[in-house]
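**Q** Those sequence lines, one after another, are chains R and D. 5 is the number of the first residue of the first sequence in my numbering; add one for each residue after it. -4 is the number of the first residue of the second sequence in my numbering; add one for each residue after it.
Hints in this document: simulated from the structure, not taken from any laboratory. None of these values were measured; they are calculated from a predicted model. Heads up, some of the hints might be wrong.
[Said to hold, decoys possible] Computed cross-link-like contacts, EDC-like style, restricted to lysine to aspartate or glutamate with a CA-CA straight-line distance of at most 20 angstroms: (1) R:Lys283 with D:Asp150; (2) R:Lys144 with R:Asp242; (3) D:Lys192 with D:Glu22; (4) R:Lys283 with R:Asp90; (5) R:Lys117 with D:Asp150.
[Unchecked claim] Label-pair restraints from in silico Cβ distances: (6) R:Ile15 with D:Met176: 49 to 55 angstroms; (7) D:Gly293 with R:Lys144: 35 to 41 angstroms; (8) D:Gly312 with R:Leu21: 46 to 52 angstroms; (9) D:Val27 with R:Asn199: 40 to 46 angstroms; (10) R:Glu142 with D:Gly151: 27 to 33 angstroms; (11) D:Val124 with R:Met24: 40 to 46 angstroms; (12) D:Asn45 with R:His201: 33 to 39 angstroms; (13) D:Ala39 with R:Ala41: 53 to 59 angstroms; (14) D:Asp150 with R:Met88: 46 to 52 angstroms; (15) D:Arg197 with R:Ala28: 42 to 48 angstroms; (16) D:Gly312 with R:Met88: 32 to 38 angstroms; (17) R:Val98 with D:Ala152: 42 to 48 angstroms; (18) D:Asp150 with R:Ile15: 47 to 53 angstroms; (19) R:Asn199 with D:Val124: 46 to 52 angstroms.
C-beta: ideal position from N, C-alpha, C; glycine also.
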Amino acid sequence: MLRMIPVREAILGSAILALMLLIASRFAGFIAPSNLANVFNDTAPLIILALGQMVVILTRCIDLSVAANLALTGMAVAMINVAMPDLPIPVIIVIAILLGAAMGAINGVLVWKLSIPPIVVTLGTMTIFRGIIFLISEGKWVNSHEMSAAFTGFPRAEILGLPVLSWTAILTVIVFGIMMARTPLGRSIFAVGGNPHAAVYTGINVGKTQFLAFVISGALAGLTGYLWVARYAVAYVDIAGGFELEVVAACVIGGISIAGGIGSVGGAVLGAIFLGVVKNALPVINISPFWLLAISGSAILIAVAFNAQSGRKKGRIILKSEEVPHD
Amino acid sequence: MTDTNAQTRMIPDRLDSRAARVLRSWEALLLVVAIAIFVANSFASPYFLNVWNLSDATFNFTEKAMIAFAMAMLIIAGEIDLSVASIIALASTAMGLAVQYGAGTPELVVIGLTVGLLCGAFNAVFVTVLGLPSIVVTIGTMSLFRGISYVILGDGAFRGYPESFAWFGQGYVYWVFTVEMLFFVIIAVFYGILLHKTNFGRAVYAIGNNPTGALFSGIRVQRVKFMLFLLTGLMSGIAAICLTSRLGSTRPSIATGMELEVVTMVVLGGVNILGGSGSIPGVVIAAFVMGLVTFGLGLLNVPGIVMSIFIGLLLIGVIALPRLWAKIAERKAQ
């Protein structure tokens, strides 16, 4: 099984390259390094959230509340910034991460302690979080002139030619690469998704691992919430509406099995980059941006069908494995 | 919710009487809640107890409930369809497009139903023929179907539906009883019989409880699931006709988030989200509960997005509370 993963990533990687060459044949400027850096920066939030979602999906769960979490955290930190313009940015970032993690923990507790199906929990919290944004903001926008210069400047500040937003994504990728391959938490995430029964016998708490996955996903959504609001310099109820579907799409395209246990950091990143390239290429080659939703939907279907075919075992399944008990 | 105490497997000499079982059922509890909400609403607002207002209020749930019946059977069979709201968008867009080419009301109805069926069949092929999990497939088609609407419409809108088309969403059968109410009743009876009185309905329960067992007892599992996706698509088509007729225009954002309300309605109606149990009468009462709550809050000037908080809480609460209850009871027993 492990030998297959690099093959899948190689296929996806070459698909992205082919796509870029195709775009370049119609508009050469697209593959200029500066433009590629822009595309990467634009895709950074998707990469960060896709990594969080990957961890959740690996443990056989799904988190549909990430976009709402992002929007609520973004609105909260924007309002904090308006109320206290002198609060240093590191404090803002810590608040954003903690707030996001707390919302992830709510999802996690409901899944862990009450064994409610994750899709139901996060479908519910998705609307609840959106509603709370309306309650705290009273439906008003927080505009750029109300935010402090330091607040909006941080994600755009350049280090070695790349904006902080891009560096955050790169750092997240590195941290996740190490975490998934080199730490007990990363290994237990794979174990829980791969075979929960066996995971219990090796002393892993399945529910607790799922809880931690939701907390990680929430914390990243919170961090992205600040970066998103600061980058676009505006916060309102509907920011990143429907973004959770793009995040799930990135994971599915990246070869992360929705049944859990199979997937890689590289796959999630490539899946996100694939969508990012498509998104940025559409206006360049004169296709209406309204195509994006249909394209990402088709990409999910094609990717999931493709992965299922390549992963299908030979022979008929006589007996399905029994249901997994929580704790 | 009865499998928490498995240590004492005592078999009683006599089962509870039918009346006792009905009284202790989820549906009975739900009915009490519905009545309580009705009474509370009539005290909270002087405009509540007005037949015309109440008639208007039924629009809050009739379209969603039509889909919810089909969704209930799908969830009982262990699958789910999150693309229903997007099917509405696509069917409505197709009808709007046909209007631009001069289609009349009968053609529009045929188009709406056909698009619904085709979308359902599309989901069904991915789930039953390719054997993919329905959650992922329908998350994909949720983007795809609505995406096609956006491609066709962009930020524009279709208008100019024929006058006779307004009958579905704005017409009255008799006095305060709307056409949609009639549809709701017919569809509820149809699904009640289909689920509770036919072999097909038994097969749906069997599949939800144990797909392997169902297969070995001669049920064509994949074919039944295929039919269920078709039914859900068809119901979305009917809902699209009603909603489009009522609004009189089509935008690609039509019915956004309706899948959540439909699933909430089904779960509130006592259908086990993991499959295997649930009933149509439960969903009917749940439809009334949700309709009354949204109408009551609307009369009190609560904005729609705040109501959605309530629906989210309802969805989680309805599943969480019985489990919490069982957990506490278990702890006390030890």
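**Q** All the hints need checking, so say for each whether the structure fits it.
**A** Against the structure, the hints come out as follows:
1. For a cut-off of 20 angstroms, the pair hint linking R:Lys283 to D:Asp150 stands: about 18 angstroms separates their Cα positions.
2. This hinted pair checks out: R:Lys144 and R:Asp242 have alpha carbons roughly 11 angstroms apart, not beyond 20 angstroms.
3. A threshold of 20 angstroms between alpha carbons decides the hint, and for D:Lys192 with D:Glu22 the separation of about 18 angstroms falls inside it, so the pair holds.
4. Between R:Lys283 and R:Asp90 the alpha-carbon distance is near 36 angstroms, which puts this suggested pair outside the 20 angstroms criterion.
5. Between R:Lys117 and D:Asp150, the direct Cα distance comes to roughly 44 angstroms. Violation of the 20 angstroms bound is thereby established for this hinted pair.
6. At about 54 angstroms, the CB distance of R:Ile15 to D:Met176 agrees with the hint of 49 to 55 angstroms.
7. Our hint of 35 to 41 angstroms for D:Gly293 and R:Lys144 is violated, since their Cβ atoms are close to 22 angstroms apart.
8. Between D:Gly312 and R:Leu21, the C-beta spacing of about 49 angstroms keeps the proposed range 46 to 52 angstroms intact.
9. Restraint check, D:Val27 to R:Asn199: a C-beta distance of roughly 44 angstroms satisfies the suggested window 40 to 46 angstroms.
10. Between R:Glu142 and D:Gly151 the beta carbons are some 31 angstroms apart, a value that agrees with the proposed interval 27 to 33 angstroms.
11. Range check, D:Val124 to R:Met24: Cβ separation about 34 angstroms, and the 40 to 46 angstroms hint is violated.
12. Taking 33 to 39 angstroms as the suggested C-beta distance range, the pair D:Asn45 and R:His201 does not conform, at roughly 59 angstroms.
13. Range check, D:Ala39 to R:Ala41: Cβ separation about 58 angstroms, and the 53 to 59 angstroms hint holds.
14. Under the hint 46 to 52 angstroms, the C-beta atoms of D:Asp150 and R:Met88, about 38 angstroms apart, miss the expected range.
15. For D:Arg197 and R:Ala28, the Cβ-Cβ distance of about 59 angstroms falls outside the hinted range of 42 to 48 angstroms, so the restraint is violated.
16. Taking the beta carbon of each, D:Gly312 and R:Met88 are about 35 angstroms apart, inside 32 to 38 angstroms as hinted.
17. In this structure, R:Val98 and D:Ala152 meet the distance hint of 42 to 48 angstroms, their C-beta atoms being roughly 45 angstroms apart.
18. A hinted range of 47 to 53 angstroms is violated for the C-beta pair D:Asp150 and R:Ile15, which are about 36 angstroms apart.
19. Judged by the Cβ atoms, the range 46 to 52 angstroms given for R:Asn199 and D:Val124 is violated: they are separated by roughly 28 angstroms.
In the structure shown, a violation is registered for the earlier hints numbered 4, 5, 7, 11, 12, 14, 15, 18 and 19, in ascending order.
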